[in-house]
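Engineer: Taken in order, these protein sequences are the chains called A and W.
Start counting the first sequence at 9; every next residue gets the next number (our numbering).
Start counting the second sequence at 5; every next residue gets the next number (our numbering).
It should be emphasised that the hints constitute simulated quantities derived from the structure, not laboratory data.
The beta carbon of each residue, even a glycine, is placed where N, CA and C say it ideally should be.
It cannot be assumed that every hint is accurate.
Only part of the chain W face toward chain A is listed, based on derived beta-carbon distances under 8 angstroms [claimed, not checked]:
hint, residue
1, Ser104
2, Val105
3, Cys109
4, Asp132
5, Asn137
6, Ala138
7, Glu395
8, Cys398
9, Ile402
10, Leu405
Label pairs and their calculated CB-CB ranges [what the hints assert, rightly or not]:
hint, chain 1, residue 1, chain 2, residue 2, range
11, A, Thr95, W, Thr37, 22 to 28 angstroms
12, W, Gln213, A, Pro53, 58 to 64 angstroms
13, A, Gly12, W, Lys326, 51 to 57 angstroms
14, A, Glu26, W, Lys244, 34 to 40 angstroms
15, W, Asp159, A, Thr92, 52 to 58 angstroms
16, W, Val158, A, Glu26, 37 to 43 angstroms
17, A, Thr95, W, Glu33, 27 to 33 angstroms
18, W, Thr161, A, Pro53, 49 to 55 angstroms
19, W, Tyr31, A, Gly12, 36 to 42 angstroms
20, W, Ile316, A, Glu26, 51 to 57 angstroms
21, W, Thr161, A, Asp99, 53 to 59 angstroms
22, A, Thr67, W, Lys154, 52 to 58 angstroms
23, A, Asn61, W, Ser406, 16 to 22 angstroms
24, W, Ser104, A, Ser51, 25 to 31 angstroms
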Amino acid sequence: MEHGSLDDSSSSTFSIMEEDHTLANSVRFVLNQDPRVAFCGYSIPHPAENKVNIRVQTTGDPAKDVLKDALQDLMVMCQHIRGTLDTAVADFRGNKPAEAMDIDLNKK
Amino acid sequence: MPKKGTKSKKKEVDDVPNQQENKLPDYLELQRTRVVCNDDAPIYVHTFICHSSLMAFHLLIMITFITLALHMFPCEIVCLTQGYQHSGTFAAMGVDNSVSVEKFCKNFKIEINRLTEDDMEFDMIGIDASIANAFRRILIAEVPTMAIEKVFMVDNTSVIADEVLSHRLGLIPLDADPRLFDYISENDVPNERNTIVYKLHVSCPKGSQRITVKSSELEWLPEGSQLSMSAPAHSGDKQKTFTSFSQSQKEILEKPLGVKFKDITIARLGPGQAIEFEAHAVKGVGKVHAKWSPVATAWYRMLPEVVILEEIKGGKRAVVAKPRACTLCRECIRPEESEESTEGASEAQESSAPWKQIELRRVRDHFIFTIESTGSLRPEVLFTEAVKILEEKCERVISELS
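The following block holds chain W by itself, in its conformation from the complex:
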């Protein structure tokens, strides 16, 4: 909280002459760069953004707040995750808290831990939670993808209802690069630039076993729709179909379009049942419907830090082996209720309680990002697209302001 910084700054200025430039006392540095995890539930405090000029006013407000707070809550109030964001927080101490663009560019690092065709895990160091969250939100909801939107049912005698079948089809991930396609709106004619057409025609012969219709049976039609809209006016004319492809999609695209995963069950057919339909896939974003989300999911966590405060007795020296693998379950700092400790235990005994020997922290600006792609784009391409979309948003607002 910026206010806490203000309070101790007053003491600091009185006691120590202002010779140490850019040096904060340890506990403030800890609060600025780490999030301390306690064993109880996080107590969130809204970030207070203060006037850097009205110091005295805030000192008064802050003292009342702290005294009030101490009466109401037994434990320390920690503002998690957000931290001291205002650039003038430690101004009177002579410490510059600002994160200018130059400083950001100098300190920012990305380290890739795992990169496969379907998922990636990488570390972003030196970035703030608000921007990391912005990327996560864009990855889930605003990076476009292709998914089946319209299904033209010709024949459906299966036990799966039309709408249920169509819903399932929409959720099938398609192996199409959405950057090669345009959006389609209500009045547009479906053409080869904004629609992908698939067809399915399966039937289960009478007398045979039940069959399962898998997604591999969806057939891509690069020439466009084959269903005719109405009977042709003259017998020799070409029939008007639901799409008007001026050229085959095979010439535009390099590799054939299909479904990404071939073993998704679409429906099951009993003997004598058949399904015949044509499906049109269009470009969309996850905000409108989750079928257009390009990631299975994308998430981040802060780098955990486990610090051993006191010597842990027991022969050998205890060292933290893999802090990165910590799941922050807080079992190591959970106080245990035992009979002995409540019956007049001595001071020395209390301080060596195992849950007090470890401190659990998270590094505020180190994010371990994981992206799991559903297959239309590679995960690093997805992240690049997400960053581009944030840039486009900024540009849009700038042009609106001008």
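In isolation and in its complexed conformation, chain A is listed as follows:
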């Protein structure tokens, strides 16, 4: 749920249930990359309660939209990660019979 002021939609706090650092920290990172965001952070009011507060203050755009965009960006990033992993696994399996040994990444 969103706690904000009625006349100023550019700053508000979003209180999300059943979430913890897993999602909140990732969303906070993605929000920070958005140039429309002036301030963002998250806090967990009490560790025994499964709630997280995400604060977003923007340079004019409604905070809700900016948060939604950040979540969409995070989803796109996740999909990209999945795709990259699948290609990497396929490559690894394809190369394995030829090499029969570990790819030597220690050369770095």
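With chain A's structure known, arrange chain W on it following the hints.
Structural biologist: Then chain W, alone, in the frame of chain A:
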């Protein structure tokens, strides 16, 4: 710290005309992309997220903070791991610090180092610590698995108490793909879609040696429970059991379900003792109980970087052989207390002290991930499931907001 960036930006703008686009001075680039390891304990500073517009205000705050800090702590304050996250950190220098999705997709790489049926080690390059940590947390606590939850004891004359035996059974990893099953809640009837039924009936005959009951003796019942709930109303009717399977699980699943590791000791029986029970396994997540965690563990570390600052004397040239194998024990940079160095050593001697010749760093966006699976799913499948779960979380919040 973004504030440090702000301070030097002022100097930089005054001295050098703004012709070098996207070029940070070396020391800032170092702070932005590497975490420097010192020989003492890490001093954590909370990430300060600043207004990109209120520069003057922050300059004032930051100067007071730095002067205060220098008085309080003798060594440099370094904000580890988190780094400069705000997109406008170096805005006035003309350097774009943002990580847009396009840039991320272009620069992100995964390199697999080792991939077996049980574990995998791979490198994720170009990702931030918060997302890598999110995957680690989801792998440990939120990827579902099947584990034994309810045990219907018929006979237990062993020395292991009922509840202890049940606890041990719950921790046995099962070789069942949790994606083929549904969750079960309080009011649901256990059926073939949400429960797996196992049975065990062992006894140690009188006069023989003690026997060990191994997990391989757990028998899978694809037809469902065989224990009857109550005596049948009419003698010809089918007895009501604890589960109601409408069809055999053998038709739904391709391979037979069993335990993953056959040599786990469940109990030991002396002569004349017996164990008989039926166990129901359901789907759950590690958040509720660790038996439902699909990984033995999953962890990541940042890629270490060992840099030799000065020439190390001694005949041949010293080169770092395998920086990836560095465990960051910091022995190479630990200052040694020796008598000679404290008794008026010259400047030249001090600078060539061995612990000052090496710098230990970690690359901020290069993570070496290791996943050890307990066997229900392959490690790469586990990671894919973890990524899917993060996507689902985002979707859930988006739909809540709309």
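Engineer: Hints first: check each against the structure and report whether it holds.
Structural biologist: Hints and how they fare:
The beta carbon of W/Ser104 is positioned within 8 angstroms of a beta carbon in chain A (closest approach about 7 angstroms), and the interface hint is therefore held. Evaluation of the W/Val105 hint against chain A yields a held restraint, the C-beta minimum of about 5 angstroms falling below 8 angstroms. Satisfaction of the interface hint for W/Cys109 is found here, the shortest Cβ-Cβ separation to chain A being roughly 5 angstroms, below the 8 angstroms cut-off. Nearest Cβ of chain A to the Cβ of W/Asp132: about 5 angstroms, under the 8 angstroms cut. The hint holds.
The interface hint given for W/Asn137 is met, as the beta carbon of that residue sits about 7 angstroms from the closest beta carbon of chain A, less than 8 angstroms. Hint status for W/Ala138 relative to chain A: holds, with the closest Cβ pair at about 5 angstroms, below 8 angstroms. Because the smallest distance between the Cβ of W/Glu395 and any Cβ of chain A comes to about 5 angstroms, under 8 angstroms, the interface hint for this residue holds. About 4 angstroms separates the beta-carbon of W/Cys398 from the nearest beta-carbon of chain A, less than 8 angstroms, and the hint is met.
A cut of 8 angstroms between beta carbons decides the hint on W/Ile402: the least distance to chain A is about 5 angstroms, and the hint holds. With its C-beta approaching chain A no nearer than about 6 angstroms, W/Leu405 sits inside the 8 angstroms limit, and its interface hint holds. At roughly 26 angstroms, the beta-carbon separation of A/Thr95 and W/Thr37 lies within the given 22 to 28 angstroms, and the hint holds. One distance hint, 58 to 64 angstroms for the beta-carbon pair W/Gln213 and A/Pro53, holds here, with the actual separation near 59 angstroms.
Roughly 53 angstroms separates the CB atoms of A/Gly12 and W/Lys326, a value that falls within the hinted 51 to 57 angstroms. Checked against the given bound of 34 to 40 angstroms, the beta carbons of A/Glu26 and W/Lys244, roughly 36 angstroms apart, stay inside it. With their beta carbons about 54 angstroms apart, W/Asp159 and A/Thr92 fall inside the hinted range of 52 to 58 angstroms. For W/Val158 and A/Glu26, the hinted distance range of 37 to 43 angstroms is satisfied, since their beta carbons lie about 39 angstroms from each other.
The beta-carbon spacing between A/Thr95 and W/Glu33, approximately 30 angstroms, falls within the hinted interval of 27 to 33 angstroms. Under the hint 49 to 55 angstroms, the C-beta atoms of W/Thr161 and A/Pro53, about 51 angstroms apart, fit the expected range. Hint check: W/Tyr31 to A/Gly12, Cβ distance near 40 angstroms, so the stated range 36 to 42 angstroms holds. W/Ile316 and A/Glu26 have their C-beta atoms about 55 angstroms apart, which keeps the hinted 51 to 57 angstroms range intact.
Range check, W/Thr161 to A/Asp99: Cβ separation about 56 angstroms, and the 53 to 59 angstroms hint holds. A beta carbon spacing of about 55 angstroms between A/Thr67 and W/Lys154 agrees with the range 52 to 58 angstroms that was offered as a hint. Hint check: A/Asn61 to W/Ser406, Cβ distance near 19 angstroms, so the stated range 16 to 22 angstroms holds. Between W/Ser104 and A/Ser51 the beta carbon distance is about 26 angstroms. The supplied range of 25 to 31 angstroms therefore holds.
When each numbered hint is compared with the structure, no violation occurs for any of them.
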